[in-house]
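> What follows is the residue order along each chain.
Protein chains: 6
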Amino acid sequence: MFSVTVRDHMMIAHSLQGEVFGPAQRLHGATYVVDATFRRATLDADGIVLDIGRAAEVLREVVAELGYRNLDEEPALAGMNTTTEELARVVADRLADAFGAQGLDSLLVTLRESHVAWASYERPL
Amino acid sequence: MFSVTVRDHMMIAHSLQGEVFGPAQRLHGATYVVDATFRRATLDADGIVLDIGRAAEVLREVVAELGYRNLDEEPALAGMNTTTEELARVVADRLADAFGAQGLDSLLVTLRESHVAWASYERPL
Amino acid sequence: MFSVTVRDHMMIAHSLQGEVFGPAQRLHGATYVVDATFRRATLDADGIVLDIGRAAEVLREVVAELGYRNLDEEPALAGMNTTTEELARVVADRLADAFGAQGLDSLLVTLRESHVAWASYERPL
Amino acid sequence: MFSVTVRDHMMIAHSLQGEVFGPAQRLHGATYVVDATFRRATLDADGIVLDIGRAAEVLREVVAELGYRNLDEEPALAGMNTTTEELARVVADRLADAFGAQGLDSLLVTLRESHVAWASYERPL
Amino acid sequence: MFSVTVRDHMMIAHSLQGEVFGPAQRLHGATYVVDATFRRATLDADGIVLDIGRAAEVLREVVAELGYRNLDEEPALAGMNTTTEELARVVADRLADAFGAQGLDSLLVTLRESHVAWASYERPL
Amino acid sequence: MFSVTVRDHMMIAHSLQGEVFGPAQRLHGATYVVDATFRRATLDADGIVLDIGRAAEVLREVVAELGYRNLDEEPALAGMNTTTEELARVVADRLADAFGAQGLDSLLVTLRESHVAWASYERPL
Numbered sequence: 000m001f002s003v004t005v006r007d008h009m010m011i012a013h014s015l016q017g018e019v020f021g022p023a024q025r026l027h028g029a030t031y032v033v034d035a036t037f038r039r040a041t042l043d044a045d046g047i048v049l050d051i052g053r054a055a056e057v058l059r060e061v062v063a064e065l066g067y068r069n070l071d072e073e074p075a076l077a078g079m080n081t082t083t084e085e086l087a088r089v090v091a092d093r094l095a096d097a098f099g100a101q102g103l104d105s106l107l108v109t110l111r112e113s114h115v116a117w118a119s120y121e122r123p124l
Numbered sequence: 000m001f002s003v004t005v006r007d008h009m010m011i012a013h014s015l016q017g018e019v020f021g022p023a024q025r026l027h028g029a030t031y032v033v034d035a036t037f038r039r040a041t042l043d044a045d046g047i048v049l050d051i052g053r054a055a056e057v058l059r060e061v062v063a064e065l066g067y068r069n070l071d072e073e074p075a076l077a078g079m080n081t082t083t084e085e086l087a088r089v090v091a092d093r094l095a096d097a098f099g100a101q102g103l104d105s106l107l108v109t110l111r112e113s114h115v116a117w118a119s120y121e122r123p124l
Numbered sequence: 000m001f002s003v004t005v006r007d008h009m010m011i012a013h014s015l016q017g018e019v020f021g022p023a024q025r026l027h028g029a030t031y032v033v034d035a036t037f038r039r040a041t042l043d044a045d046g047i048v049l050d051i052g053r054a055a056e057v058l059r060e061v062v063a064e065l066g067y068r069n070l071d072e073e074p075a076l077a078g079m080n081t082t083t084e085e086l087a088r089v090v091a092d093r094l095a096d097a098f099g100a101q102g103l104d105s106l107l108v109t110l111r112e113s114h115v116a117w118a119s120y121e122r123p124l
Numbered sequence: 000m001f002s003v004t005v006r007d008h009m010m011i012a013h014s015l016q017g018e019v020f021g022p023a024q025r026l027h028g029a030t031y032v033v034d035a036t037f038r039r040a041t042l043d044a045d046g047i048v049l050d051i052g053r054a055a056e057v058l059r060e061v062v063a064e065l066g067y068r069n070l071d072e073e074p075a076l077a078g079m080n081t082t083t084e085e086l087a088r089v090v091a092d093r094l095a096d097a098f099g100a101q102g103l104d105s106l107l108v109t110l111r112e113s114h115v116a117w118a119s120y121e122r123p124l
Numbered sequence: 000m001f002s003v004t005v006r007d008h009m010m011i012a013h014s015l016q017g018e019v020f021g022p023a024q025r026l027h028g029a030t031y032v033v034d035a036t037f038r039r040a041t042l043d044a045d046g047i048v049l050d051i052g053r054a055a056e057v058l059r060e061v062v063a064e065l066g067y068r069n070l071d072e073e074p075a076l077a078g079m080n081t082t083t084e085e086l087a088r089v090v091a092d093r094l095a096d097a098f099g100a101q102g103l104d105s106l107l108v109t110l111r112e113s114h115v116a117w118a119s120y121e122r123p124l
Numbered sequence: 000m001f002s003v004t005v006r007d008h009m010m011i012a013h014s015l016q017g018e019v020f021g022p023a024q025r026l027h028g029a030t031y032v033v034d035a036t037f038r039r040a041t042l043d044a045d046g047i048v049l050d051i052g053r054a055a056e057v058l059r060e061v062v063a064e065l066g067y068r069n070l071d072e073e074p075a076l077a078g079m080n081t082t083t084e085e086l087a088r089v090v091a092d093r094l095a096d097a098f099g100a101q102g103l104d105s106l107l108v109t110l111r112e113s114h115v116a117w118a119s120y121e122r123p124l
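Residue numbers (numbering that gives the first Met the number 0), protein chains in the order written: chain R, 0 to 124; chain W, 0 to 124; chain X, 0 to 124; chain Z, 0 to 124; chain C, 0 to 124; chain A, 0 to 124.
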């Protein structure tokens, strides 16, 4: 199995609903360093998993749609607790929509919220 | 599949038994930067894998029980070669005891012993 | 010259005033990974720059006062553009107030806002 | 499942064939920071996955055979587009040849080409 | 004193002249992760050292002029041993030309060639 | 001003004397990731600060003399509290002895003891 990963980041404000979140129930924010990993069983005719330049470009578009925003007011995320886990899924699903399968097997998205905590979501393509 | 990871560290002394360890047969030590990854197929009602605050707290307790000690003299580790691999298992098993399953699927513990070497142990929950 | 550095982090929401900030004029947020470096020409009688445990504790208190907040509504920061540079100064000044000189020469605070951008402020003690 | 990882690096020149590579069709180069991860279901009698010293030594030999070279002129790689993915496979296959199975289950090789992009190849042993 | 740093990278081929370079006398290559640090005694009216967006843009232009090239054939570098140290100076001088002083005091450029080696050049502005 | 840095590491056991050290008064250990930075105002005729291969080799020798040992029993360190700060000085002084000035201006040694704490010592050459 092969994989290729590209990294970008987004800076957002949000608040989280539920006592379990303690002080994170208040409006605060995060930088998410986002790693998108594309997996494929065999390489294509060019010897690659996918065009890494296009992967970086699409990832940049996806994080640009979320970044520099207060996620509490994003209509597309209404009713969702925008935890790191949920945002990893949102990013992965949007990347999956943009790429389609094109021979890829799965996609793993990791959001690093600090030097001591991160979350991931993996899905088939 | 979702996952959440928290990071902490511990500083220990130990020696390793066996010719394969070369100079590490002498009493020496290590800082282990410890990453604990909790995996779960679906998120709970709060949109999380687990309470990351509690995960960090329990990890801190587990590394505090091992840290600032000479592991050669720890009764709980008697008869064990305290390699990075074995210590990854000890940390994972203690975390598993503290958490129980509570909907989690598996647990991966990585101990980084330097900028050029690390070891992991993964187990179901 | 000796130095000791401790690292912590804070997660905040804010917006920045001024056309130069482009999309960062909107309410958004950041994780700042905060490095506080204390400098001293000679070591004390214990062979240290300062008590690293107390340094970590005071840094934790300083970031706790800022973290999990919308800085646009913090009275103590009213009228300030809370850029990474300004926040580095705020953190440094609060650390300086907490520590006093006690033989230290200077203090350097670095706030990392992503994997590709950071800012620092250095001041005497 | 246990694993052990060792890290080394190699610095190479090459060019890539195919329009998808854009400016990377020109002769250029890369530092690949190489992580080799060895997986094994149970530990051996010494409490390890494998002799980490020997793993580091063999990895060093493998990267030394490729490093400080123009890969466009390497007979062993003739006719191959030396993408990061393909090179991950080359390194993994050479490590597999050097180690044999000796109880190991699989091998994962990751080549980091920058702070924002990397590729991996995983194979059984 | 304040500073702001932005990070980018470039991938180049080159060879080095002189016995001291050993195998690096052969044509090979490197990824340089480039950190550009701008220093300024006081902040401007917006509370910043400089427009970080423009800093990132100019750094990208400078590394794009060098990247995906064989530096042995670059007319602008003819007669220069393109060591990491020399390239740090080239990048710094080109950034200085692009920015001018505009209130800045100095500029530090660091080129990381691997996880175990890097070089820097600092100059006034 | 130019600089070149090389990185290595050492794994040691020790204990620290003094109430300020709390649990670190017990025998424990550390991995120190060691960065040695050599500074020089101008480059030599080869376009370098120093032979980076020899710098790495000498650093390896210095850390090998300290590593895989219990520093409490090292005659050369008798009577010294082997704090991170003191060990940074020991490493720097030994590097200085091995190199001499040879045109170098100063030397900075940083010992990283974990992902959240490190210490440095800088001296002229």
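Hints were generated in silico from the structure; no laboratory data involved. Only a predicted model underlies this, so the values are computations on that prediction, with no experimental measurement involved. Don't take each hint at face value.
[Said to hold, decoys possible] Stretches of chain W that chain Z covers, calculated by requiring three or more beta carbons in the stretch to come under 8 angstroms of a beta carbon on chain Z:
hint, segment
1, 83 to 89
2, 110 to 116
[Claimed, not checked] Beyond 10 angstroms from chain R on every Cβ pair, some chain W residues (computed):
hint, residue
3, SER2
4, VAL3
5, VAL5
6, VAL48
7, ALA77
8, ALA95
9, PHE98
Virtual Cβ for every residue (Gly too), placed ideally from N, Cα, C.
> Confirm or reject each hint.
These are the hints, each one checked on the structure:
Look at the segment 83 to 89 of chain W against chain Z: 5 of its residues bring a Cβ nearer than 8 angstroms to a Cβ of that chain, three or more, so the hint holds. Check on the segment 110 to 116 of chain W: 3 of its residues sit with their Cβ under 8 angstroms from a Cβ of chain Z, so the three-residue criterion for coverage holds. The Cβ of SER2/W sits about 5 angstroms from the closest Cβ of chain R, inside the 10 angstroms cut-off, so the non-interface label is violated. For VAL3/W, the non-interface assignment is contradicted: its Cβ lies about 5 angstroms from the closest Cβ of chain R, within the 10 angstroms cut-off.
Annotated as non-interface, VAL5/W brings its C-beta within 10 angstroms of a C-beta of chain R; the closest such distance is 6 angstroms. With a cut of 10 angstroms on Cβ distances, VAL48/W falls inside the contact zone with chain R, its closest approach being about 6 angstroms. With 10 angstroms as the threshold on Cβ separation, the claim that ALA77/W sits away from chain R holds: the shortest Cβ distance comes to roughly 32 angstroms. Listed as a non-interface residue, ALA95/W keeps its Cβ farther than 10 angstroms from every Cβ of chain R; the least gap is roughly 20 angstroms.
Remark: the non-interface label on PHE98/W is consistent with the geometry, its nearest Cβ contact in chain R lying 15 angstroms away (cut-off 10 angstroms).
Checked against the numbered hints above, the structure violates hints 3, 4, 5 and 6; every other hint is satisfied.
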